[in-house]
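**Q** Sequence:
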Amino acid sequence: MCLISDRHGGLIKAVREGPDFVSPHGVHRYCLRHVCSNFNSSIKNVVLKNLYWQAGSKYQLRKFNRIMEEIKKQDAKAFAYLDQINKEKWTASHDGGWRCGILTTNMSECINGVLKGARRLPVSALVEITLERIVHYFHVRAIKGQKNVTKQPTVDGFRMQDVHILATKSC
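The working numbering numbers the first residue of the sequence shown as 1 and each following residue consecutively.
It is worth saying that the hints were derived from the structure and are not from the lab.
It is possible that part of the hints are untrue.
Unchecked claim - List of simulated lysine-lysine pairs, PhoX-like, C-alpha gap at most 20 Å:
(1) Lys49 with Lys63
(2) Lys73 with Lys58
(3) Lys72 with Lys58
(4) Lys73 with Lys44
(5) Lys77 with Lys87
(6) Lys44 with Lys72
(7) Lys49 with Lys89
(8) Lys63 with Lys73
(9) Lys77 with Lys49
(10) Lys87 with Lys63
(11) Lys72 with Lys49
(12) Lys116 with Lys147
(13) Lys73 with Lys89
(14) Lys116 with Lys87
(15) Lys89 with Lys63
(16) Lys58 with Lys87
(17) Lys49 with Lys73
(18) Lys87 with Lys49
As the list claims (entries may be wrong) - Simulated restraints on C-beta separations:
(19) Gln54 with Cys100: 28 to 38 Å
(20) Tyr59 with Arg141: 28 to 38 Å
(21) Gln74 with Tyr137: 34 to 44 Å
(22) His94 with Asn50: 12 to 22 Å
(23) Trp98 with Val127: 21 to 31 Å
(24) Ile143 with Glu69: 24 to 34 Å
(25) Lys144 with Arg66: 18 to 28 Å
(26) Ser124 with Glu70: 50 to 60 Å
(27) Ser124 with Arg62: 23 to 33 Å
(28) Glu88 with Leu115: 27 to 37 Å
(29) Ala125 with Lys73: 53 to 63 Å
Every residue, glycine too, gets a C-beta built ideally from N, C-alpha and C.
The task is simple: from the sequences and hints, build the whole structure.
**A** Encoded structure:
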């Protein structure tokens, strides 16, 4: 299991001291958006913040290293700030695959929004209301999606027609 959070001291302590949340059963990673925000508060440079985001989201080590070298060239202090944070915690390239492509806490923030007002309910009621709200969420979006569907062929539809025409000509 991979827990992605901000770097709040209480969370870090709880994860560090929790006997059930240790490797190989669980790992703690930092939300790239939160760490990027903290970086921007310290460094206050939008270009470096964008480079930092790029570095953290790269899966290939060579791409990560190339961006980190660019950060180092532009600002040694910014590089030192990033270098002191355990790369395993904030980068996709050093993660070991635990994140499964998830770099931020956006998913949990979304679920928190869905469950607003229901957190103090008994577990059975919480499960029921969660199901109802998620079904409603997807139902509303399905209706909106249906309204956006047109009968006209898309660009891909035109391409498929061209491929079909070429295929029939060559037979």
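**Q** Each hint should be assessed against the structure and marked as holding or not.
**A** Against the structure, the hints:
1. Lys49 with Lys63: It holds: about 16 Å lies between the C-alpha atoms, which stays within 20 Å.
2. Lys73 with Lys58: This hinted pair holds, its Cα atoms lying about 19 Å apart.
3. Lys72 with Lys58: holds (17 Å)
4. Lys73 with Lys44: holds (17 Å)
5. Lys77 with Lys87: Distance ~17 Å between Lys77 and Lys87 Cα, so the pair holds.
6. Lys44 with Lys72: holds (15 Å)
7. Lys49 with Lys89: holds (17 Å)
8. Lys63 with Lys73: Given that 20 Å is the threshold and the Cα spacing comes to 15 Å, the pair holds.
9. Lys77 with Lys49: holds (13 Å)
10. Lys87 with Lys63: Roughly 14 Å separates the two Cα atoms, so the pair holds.
11. Lys72 with Lys49: Judged against 20 Å, a Cα distance of about 13 Å means the pair holds.
12. Lys116 with Lys147: Violated, at about 28 Å.
13. Lys73 with Lys89: The given pair, whose Cα atoms are some 23 Å apart, is violated under the 20 Å limit.
14. Lys116 with Lys87: It is violated: about 34 Å lies between the C-alpha atoms, which goes past 20 Å.
15. Lys89 with Lys63: With a Cα-Cα distance of about 18 Å, the restraint between Lys89 and Lys63 holds, given a limit of 20 Å.
16. Lys58 with Lys87: holds (12 Å)
17. Lys49 with Lys73: Holds. Lys49 to Lys73 sits at ~14 Å (cutoff 20 Å).
18. Lys87 with Lys49: holds (16 Å)
19. Gln54 with Cys100: 28 to 38 Å: Because 20 Å falls outside the window, the suggested range is violated.
20. Tyr59 with Arg141: 28 to 38 Å: Hint holds: Cβ distance 29 Å, inside 28 to 38 Å.
21. Gln74 with Tyr137: 34 to 44 Å: Holds: the Cβ-Cβ distance is about 42 Å, inside 34 to 44 Å.
22. His94 with Asn50: 12 to 22 Å: holds (20 Å)
23. Trp98 with Val127: 21 to 31 Å: Once the Cβ atoms are compared, 27 Å apart, the range 21 to 31 Å for Val127 and Trp98 holds.
24. Ile143 with Glu69: 24 to 34 Å: Violated: the Cβ-Cβ distance is about 49 Å, outside 24 to 34 Å.
25. Lys144 with Arg66: 18 to 28 Å: violated (41 Å)
26. Ser124 with Glu70: 50 to 60 Å: Taking Cβ atoms as reference, Ser124 and Glu70 lie about 53 Å apart, which means the hint holds.
27. Ser124 with Arg62: 23 to 33 Å: violated (51 Å)
28. Glu88 with Leu115: 27 to 37 Å: Hint holds: Cβ distance 30 Å, inside 27 to 37 Å.
29. Ala125 with Lys73: 53 to 63 Å: Distance hint for Ala125, Lys73 holds at roughly 56 Å.
In summary, the numbered hints that this structure violates are 12, 13, 14, 19, 24, 25 and 27.
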